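Number of protein chains: 2
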Amino acid sequence: MSVLDKSKMASFKQKMRSLMYNRLPILKWAPNYGTNKLVSDAVAGITVGLTAMPQALAYATLAGLEPQYGLYSAFVGCFVYIIFGSVKEITIGPTALMALMTYQQIEGRNVDYAILLCFLSGVVQLLMAFLNLGVLVDFISIPVTVGFTSATSVIIATTQLKGLLGLKISSSGFTDTIRKVVRHLDETRWHDLSLGLTCIIVLLLFRKIKDIKLTPSDKKPTKNQKILSRVLWLTSISRNAIVVIACSILAYNLKNSSNGCPFVLTGTVRGGFPSVAPPPFSTELNNKTIPFTEMVTDLGTSIVLVPIIAVLGNVAIAKAFATGKTVDATQELFTLSLCNIIGSFVSSMPITGSFSRSAVNHASGVQTPMGGLFTGIMVILALSFLTPYFSYIPKASLSAVIICAVIFMIEYEVVKPMWRSSRKDLVPTFATFVLCLAIGVEIGILIGVGINIIFLLYPSARPTIHVEKKTIVDSGIEYILVTPGNSLYFPAIEFIKSSVVKAGLSSSHLPVVVDCRFILGVDFTAAKGISSMITEFMLRNQPLYFINPKEEVIAVFKGAVMEDFQYFKSVDDLQQHLSDQKEKAKTIFSEETKLLPTGQSEEPASVTTTDLREIKCVNGCGNFVQHSSSSC
Amino acid sequence: MSVLDKSKMASFKQKMRSLMYNRLPILKWAPNYGTNKLVSDAVAGITVGLTAMPQALAYATLAGLEPQYGLYSAFVGCFVYIIFGSVKEITIGPTALMALMTYQQIEGRNVDYAILLCFLSGVVQLLMAFLNLGVLVDFISIPVTVGFTSATSVIIATTQLKGLLGLKISSSGFTDTIRKVVRHLDETRWHDLSLGLTCIIVLLLFRKIKDIKLTPSDKKPTKNQKILSRVLWLTSISRNAIVVIACSILAYNLKNSSNGCPFVLTGTVRGGFPSVAPPPFSTELNNKTIPFTEMVTDLGTSIVLVPIIAVLGNVAIAKAFATGKTVDATQELFTLSLCNIIGSFVSSMPITGSFSRSAVNHASGVQTPMGGLFTGIMVILALSFLTPYFSYIPKASLSAVIICAVIFMIEYEVVKPMWRSSRKDLVPTFATFVLCLAIGVEIGILIGVGINIIFLLYPSARPTIHVEKKTIVDSGIEYILVTPGNSLYFPAIEFIKSSVVKAGLSSSHLPVVVDCRFILGVDFTAAKGISSMITEFMLRNQPLYFINPKEEVIAVFKGAVMEDFQYFKSVDDLQQHLSDQKEKAKTIFSEETKLLPTGQSEEPASVTTTDLREIKCVNGCGNFVQHSSSSC
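Going down the list, the protein sequences come from chains A and B.
Quick note: the first sequence uses the UniProt record's numbering, first residue 1, plus one each step.
Quick note: the second sequence uses the UniProt record's numbering, first residue 1, plus one each step.
Bound-form chain A, shown alone (with noise of 0.2 Å):
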């Protein structure tokens, strides 16, 4: 083995290495985990799990499911994440946002359209992920994302108004809800309404009493101090389970009273472990057998957009966490595809990284993934002995929870600051938002998208064009300078093309000169475009030449066929040029004075378009002239 093949092998192990411990993270921190970080992630994933549970309950029955399908979903993403995941944060679970849209997919069929969707996410992750499609995220702006949050928070906390009311009706979307809302007002039960509301009370204090000072900024904590601080603390964190649970056990005295009890309880949650199975490629539904392809047309447009928002939520997450480090998006939408196939083996519905969880993870001190262990632990020993008592929830308490989960996500504040810093934007976050609420969520934000690609997209078909008549300060020759403010695609040729002219039109007697300054590329049509202009000028012998064109722009034009492509490489060497031009026309002009004294002697444009061509050959640059002092 020679030496270069042994640095040949080494750099492909090295790369080989770099890429194992970029999929397998937890290569990266598993040799330094000691008893101090488990800890650590034993404390934050158990504060977790005291939130995950509430949620995963809440949102299995906002998605339309029945509630244990929430625990179903709520602890393979957590074991997952250990292994693959590469932010300590990030919690993998059911979303208020993945409920919503999962329900308007299951809306009206079965729990095996929420399976196989789970499953058909995770294979499209998986394929973005190899097919290096982590770029369509990037086509989600900020305004289109604020205007979808705030959308669907305005339609989850809609929804919950049932549940808080204690209403036993069934709607769809925004609109829908609020009129049956509005139209069986009269029947809300007072008692459920009552307890939601001190829920919701409950709950936005809780919020705020961890931010409660204790101690004057000036001074140290004392030990009590430092103790009732961390108590706050815990209360504040763990505000969703306490007030469950104060519920829970309310309902339960209660049911042994006079009158039964007077909530809406959740109602058996099934117990134990799903079972293991492939998910669901065919479905029973009203007696009938239902195929793959009929499902998959059924779940339509979602089984793109619902992997994507996904990972969109998953990044920012990832982000907002990853202070500083750069997050690997590849990475993430592997981890995320293999959460959601998995997943889907033992019933889970769609999930992605929860923001609210991943809070308190950071709030609660995680130190690695392994946090998710002490999670997925806890949902497990819940499925197998909580359930029974599960079902003493009261449904207004776990509407409470979500409500005061997704308020917060209206994020009106971002107006401002839009406003005075780009106006246009506001347009896809208001037609985002309006869309969302008025037809549908996956309708909004694939308009919303729509709009923000036509705004990316107008500059390349009507760029800037800045024209102005330019003096030589020495000679005094007055020339056109004509400054397209972009590069030269299709959608733009026709609209410089016409510009151009008309700069040309309404000075016939002055040369024209195209500034290619932010000329980045050039395409075909845009380069057939220019050629056909420069035949135009020259039938009308009004001299056109172009300067500071890059060398991919003269590439692509030399490519069409442009013999007359006049170019020069500064402004210095036009100047030059063109005060040489004087010169020689006033010779040849004089000279063919003499010679024709009848003839066409009043057009002295005329005299320069055939001087041009006289240099061109002399030039001897072949049939491209480049007219440069420095070049030939």
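Since the hints were derived computationally from the structure, they do not count as laboratory data.
Computed from a prediction, not measured in an experiment: that's the story for all the values here.
All C-beta atoms, glycine included, are put in the ideal place defined by N, C-alpha and C.
Please note: incorrect hints may appear among the correct ones.
As the list claims (entries may be wrong) - Pair by pair, the computed Cβ-Cβ distance ranges are:
1. Ser570(B) x Arg423(A): 25 to 31 Å
2. Asn132(A) x Glu583(B): 43 to 49 Å
3. Ala438(B) x Arg423(A): 55 to 61 Å
4. Asn110(B) x Gly267(A): 56 to 62 Å
Claimed, not checked - Below are the DSSO-like pairs computed for lysine-lysine, each with C-alpha atoms no more than 27 Å apart in a straight line:
5. Lys220(B) x Lys208(B)
6. Lys569(A) x Lys470(A)
7. Lys569(B) x Lys469(A)
8. Lys424(A) x Lys558(B)
9. Lys28(A) x Lys497(B)
10. Lys497(B) x Lys416(A)
11. Lys502(A) x Lys8(B)
Go by the hints and put chain B onto chain A.
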């Protein structure tokens, strides 16, 4: 009335006058119209008529309609264009492309769909004209157009194989036609094939004879030579009519022979002027009434695609003939919409400008759009008197006419310059071509445009980024210069951010300078991204500057609350600042070393940043800092 009001009034009158002239181009040429022009227009109009009639019959058959519908479609456009048309050569009527696109819509349905499509195309074109959506046409590039027209030519030529071979089969699409023709090859009717091939050969020969040079180029032509050359030219121009008439006479004579006519004939062509009636807003199909909404659903995307393709074709022809003048695309759109809307009242199928007939018009020396009057009258006369004779036209001869018209539309010769100029453009070309053949022309063009738009968006998402280490000659100060090669919009921001951060991390002791010279626009998402990048650099105590930002860019950054956006108007200002910094750092560094002998004195970078903040306050520009020798 004050002077100001008068001048306003005059300016308003001027504007209205100019608008009227633009919208009614007949006002421009009618006042100067005389006998000379009338004679020229009459000759040209009649010559065009000789081409229009056989083409109309052939294209109606191609669209799957009875032949008279071709004639119904061939006269309205001629009359409308006289008043509203802005390019004298253009002749509006049925074309091979419109016929093919109509066929794909009415296959298995009835003629009402074709007429409704004509009406709706007109309405969509009117909408496009009012909403200024002519820009949509700009999004169809040369590569897509080439792929599309070449594919349609191949498809049309293929469908004509049936007529040429005398096969009586029905088929749809390219692959289906090829398969069925091959399967029924043994049913070939040799008489038809011979006649068809003869017609093709004659048509191709006649096409060439107008180029025969009777006179050596250095001699003046004699009178006889002039007449002969004129006869040859007329024969060449009217070749379609000559071939069709000759074949019909042959068929008519053979009909009375013992074996009857050996050719498949066109059959009855219903004569007389079509009934004038509103387009059908519902129809009877298979004994079922189909309402308007269902017809529209059936027509699908063609309602948008057919009018756009029609405009594209028409504007392309207009540009080809309007040498030097700018084409008023809105006016052409408006005229075309009137042609289609009015046409639909006399049972027309969708129509647009015909390249071949416009070329004949041009070659025949047409002077004004009045030529259309004669073509239109000829078609109406034909409907009134000639239809009994049209039934003797052999189908093979019409197939030959179509084949000879479309084979020259296969643009293989564009591939070579495209390869030389911009290879990437071959992707949409071939994708469009293959998909049009394999799936259908509408899907083909949509995917072609989609690929093209992805190419267009790519630089917005993944711009070039140039990173280099710069050293200031005088002071030896080093810095990292990062130059993004595109505007800063949402799809690119994450990419640019991570590139700049990476550049910063690679030499974390040097300041990073972002050159904004190519950044012509910024949106809110990008501003927020830059903001978080600035925070990251501050956390790392690494200075980050921006140079050459445009005013618009600064405004957007300012709006998104960027107190720490530090920029310089030129590279000189930056270098001056860096030198000043170095001096100050030295002083502070030595002072700090004195004060804190055990402090973090080994991190000059941190000192620089602290120092920068200090300067900000000293500058007194408020929250938003601009370092410039001239400002503050």
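Checked hints:
no.	hint	result
1	Ser570(B) x Arg423(A): 25 to 31 Å	holds, 29 Å
2	Asn132(A) x Glu583(B): 43 to 49 Å	holds, 47 Å
3	Ala438(B) x Arg423(A): 55 to 61 Å	violated, 46 Å
4	Asn110(B) x Gly267(A): 56 to 62 Å	holds, 58 Å
5	Lys220(B) x Lys208(B)	holds, 22 Å
6	Lys569(A) x Lys470(A)	holds, 18 Å
7	Lys569(B) x Lys469(A)	holds, 25 Å
8	Lys424(A) x Lys558(B)	holds, 15 Å
9	Lys28(A) x Lys497(B)	holds, 25 Å
10	Lys497(B) x Lys416(A)	holds, 24 Å
11	Lys502(A) x Lys8(B)	holds, 26 Å
Checked against the numbered hints listed earlier, the structure breaks hint 3 alone; every other hint is satisfied.
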